[in-house]
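For chain A, the structure is supplied; the task is to place chain B on it using the hints.
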Amino acid sequence: MTDDDRVFKALADPTRRFLLDRLFVRDGRTLTELESELEMTRFGVMKHLRLLEDASLVVTRRSGREKLHFLNPVPIRLIHDRWIDKYTERRVSALAELKHGLEEEMA
Amino acid sequence: MTTTMETTVTTQVYRVYIKARPEAIWNAITDPAWTDRYGYGGRAAYDLRPGGAYRLLASEARCSMGAPDVAVDGEVIEADPPRKLVQTWRLAMDPESAAEGFTRLTYEIEEGKGGVTKLTVIHELEGAPKLAALVAGGMEDEGAGGGWSWVLSDLKTLLETGEAFQGRVEPAVPNEGSLDPINGEVTLRICSEVGLGEK
Numbered sequence: 000m001t002d003d004d005r006v007f008k009a010l011a012d013p014t015r016r017f018l019l020d021r022l023f024v025r026d027g028r029t030l031t032e033l034e035s036e037l038e039m040t041r042f043g044v045m046k047h048l049r050l051l052e053d054a055s056l057v058v059t060r061r062s063g064r065e066k067l068h069f070l071n072p073v074p075i076r077l078i079h080d081r082w083i084d085k086y087t088e089r090r091v092s093a094l095a096e097l098k099h100g101l102e103e104e105m106a
Numbered sequence: 000m001t002t003t004m005e006t007t008v009t010t011q012v013y014r015v016y017i018k019a020r021p022e023a024i025w026n027a028i029t030d031p032a033w034t035d036r037y038g039y040g041g042r043a044a045y046d047l048r049p050g051g052a053y054r055l056l057a058s059e060a061r062c063s064m065g066a067p068d069v070a071v072d073g074e075v076i077e078a079d080p081p082r083k084l085v086q087t088w089r090l091a092m093d094p095e096s097a098a099e100g101f102t103r104l105t106y107e108i109e110e111g112k113g114g115v116t117k118l119t120v121i122h123e124l125e126g127a128p129k130l131a132a133l134v135a136g137g138m139e140d141e142g143a144g145g146g147w148s149w150v151l152s153d154l155k156t157l158l159e160t161g162e163a164f165q166g167r168v169e170p171a172v173p174n175e176g177s178l179d180p181i182n183g184e185v186t187l188r189i190c191s192e193v194g195l196g197e198k
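For the protein sequence lines, the chains are A and B, in the order given.
FYI, numbering that gives the first Met the number 0 numbers position 73 of the first sequence as 72, with every residue one higher than the one before it.
FYI, numbering that gives the first Met the number 0 numbers position 106 of the second sequence as 105, with every residue one higher than the one before it.
Warning: the hint list may mix true and false statements.
Partner residues are not named here, just some residues of chain A that face chain B (Cβ under 7 angstroms, in silico) [stated by the list, open to error]: (1) Ser55; (2) Val58; (3) Phe69; (4) Asn71; (5) Pro72; (6) Val73; (7) Arg76; (8) Leu77; (9) Asp80; (10) Ser92.
As a list, the in silico BS3-like pairs of lysine-lysine whose alpha-carbon atoms are at most 30 angstroms apart [said to hold, decoys possible]: (11) B:Lys18 to B:Lys83; (12) A:Lys66 to B:Lys112; (13) B:Lys117 to A:Lys8; (14) B:Lys18 to B:Lys112; (15) A:Lys8 to A:Lys46; (16) B:Lys18 to A:Lys66; (17) A:Lys8 to A:Lys66; (18) B:Lys117 to A:Lys46; (19) B:Lys83 to B:Lys129; (20) B:Lys83 to A:Lys66; (21) A:Lys66 to B:Lys129.
To be clear, the hints were calculated from the coordinates, so they are not data collected in a lab.
Just so it is clear, CB atoms sit at the ideal spot from N, CA and C, and this is done for glycine as well.
Next up, chain B with everything else stripped away, as it sits in the complex:
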């Protein structure tokens, strides 16, 4: 009983229906050119196999404000494109929530009728109350964004209309991390290398 209570209070579940192919949604989650275009932005670098590294590199706007290069880090647990992605997830750029450790994040993508795909995000936030408040959108008034609902609403708008709610445009300077095909390590291109970290 106690175990159930624990799980239920610390897990958050979000679902959105998007008029898009499962592959398009998978790309929007894993492809850096897409991840920078909705929600908090930033360019994802995934090594899509169990144990592979995950990094989200701060968007250019945040880089130029002096944010750390790696916004989020974690590790891939399961990658089954375009259906399921399980990974660990830690907000590395915020020391307080980074100290809460890694959380577990699952994306489930399910094709439905009429070209509508169901995307479910399950975020298991045991032992991470600060991050839980943030991803629930509880810190929006402090400028921390609206969490998962905001991100998913924006993602839906982007995939269905080609334009994100935030009206973000495709960045002119690429700043993605790339995967070394030999050892699978993620090479990070940092803000300063593309001349965005200065000032």
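Only chain A is shown next, with the shape it has when bound in the complex:
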């Protein structure tokens, strides 16, 4: 499996995307914190986190006795940079912004 395959596989699961979303809101969480937000066994959460770590989307670091989980956006950036160059970048982000703006208005 290539690095990209691991990233797409990791992202293809709603629980794992949820975990990344939680880390995006606040980075550097412990397993206990992440587990408390999911209706799932500790073992289940660990399994998902391991897949995210294998894809390098999550990086763990020790801080004292705690193991902290950080969101690593670099693999997603690599995929982004593969198909979106600096010239298309502005148009892509303008359209994404327009979508956000319009959808917020409707909500």
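Same frame as chain A, but now just chain B:
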């Protein structure tokens, strides 16, 4: 508990796997001929020992747009080539983020299997919310670049293919700072001295 919370929200961790020798990655971080070729560019001047000075001199393109000569400044805390570099880091060219003071930056380079090396960047950004947003890529729409993910993605492309994503070419005019071997001070060659600061 409070301390943990503080650390976790203000520290950012980035990791990339690069098909290159640890030495090549070390050079890409510390050698001015390399630092100008990816990400934001600019030529690094390091005095690689504890307490040694660090400067990143604005790239020629930025110089010619009238940017200050010193883009980033700081001090080396630990240099263990080609494995670990710890330093302080301040975006000197932006008054608002310069006022936030120095942050702490760690590069960890670890050789893995099959010629792939793991590079981890840990940026401790306590008390620097503006800089934190910038290095996280949160100001990309305002033309401030994509932060660390963008820099590391570009570095990987450069080392693996010999060409950066930005398609930057080797500058024709050298503009590096050089280290005085006697007192270890960094001598800065400024933009105007190489005729790039005018206009």
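Against the structure, the hints:
1. Ser55: 6 angstroms, holds
2. Val58: 5 angstroms, holds
3. Phe69: 4 angstroms, holds
4. Asn71: 5 angstroms, holds
5. Pro72: Where the cut-off is 7 angstroms and the nearest Cβ of chain B is about 5 angstroms from Pro72 (chain A), the hint holds.
6. Val73: 5 angstroms, holds
7. Arg76: With Cβ-Cβ at 4 angstroms, under 7 angstroms, it holds.
8. Leu77: 5 angstroms, holds
9. Asp80: Since the shortest Cβ distance to chain B is 5 angstroms, the answer is holds.
10. Ser92: 6 angstroms, holds
11. B:Lys18 to B:Lys83: 18 angstroms, holds
12. A:Lys66 to B:Lys112: 25 angstroms, holds
13. B:Lys117 to A:Lys8: At roughly 21 angstroms apart (the allowed maximum being 30 angstroms), Lys8 (chain A) and Lys117 (chain B) satisfy the hint.
14. B:Lys18 to B:Lys112: 10 angstroms, holds
15. A:Lys8 to A:Lys46: 14 angstroms, holds
16. B:Lys18 to A:Lys66: 28 angstroms, holds
17. A:Lys8 to A:Lys66: Given pair Lys8 (chain A), Lys66 (chain A) holds - Cα atoms ~24 angstroms apart, limit 30 angstroms.
18. B:Lys117 to A:Lys46: 23 angstroms, holds
19. B:Lys83 to B:Lys129: The given pair, whose Cα atoms are some 26 angstroms apart, holds under the 30 angstroms limit.
20. B:Lys83 to A:Lys66: 21 angstroms, holds
21. A:Lys66 to B:Lys129: Satisfied, since the Cα-Cα distance of roughly 27 angstroms is no more than 30 angstroms.
Against the hints set out earlier in the document, no violation occurs for any number.
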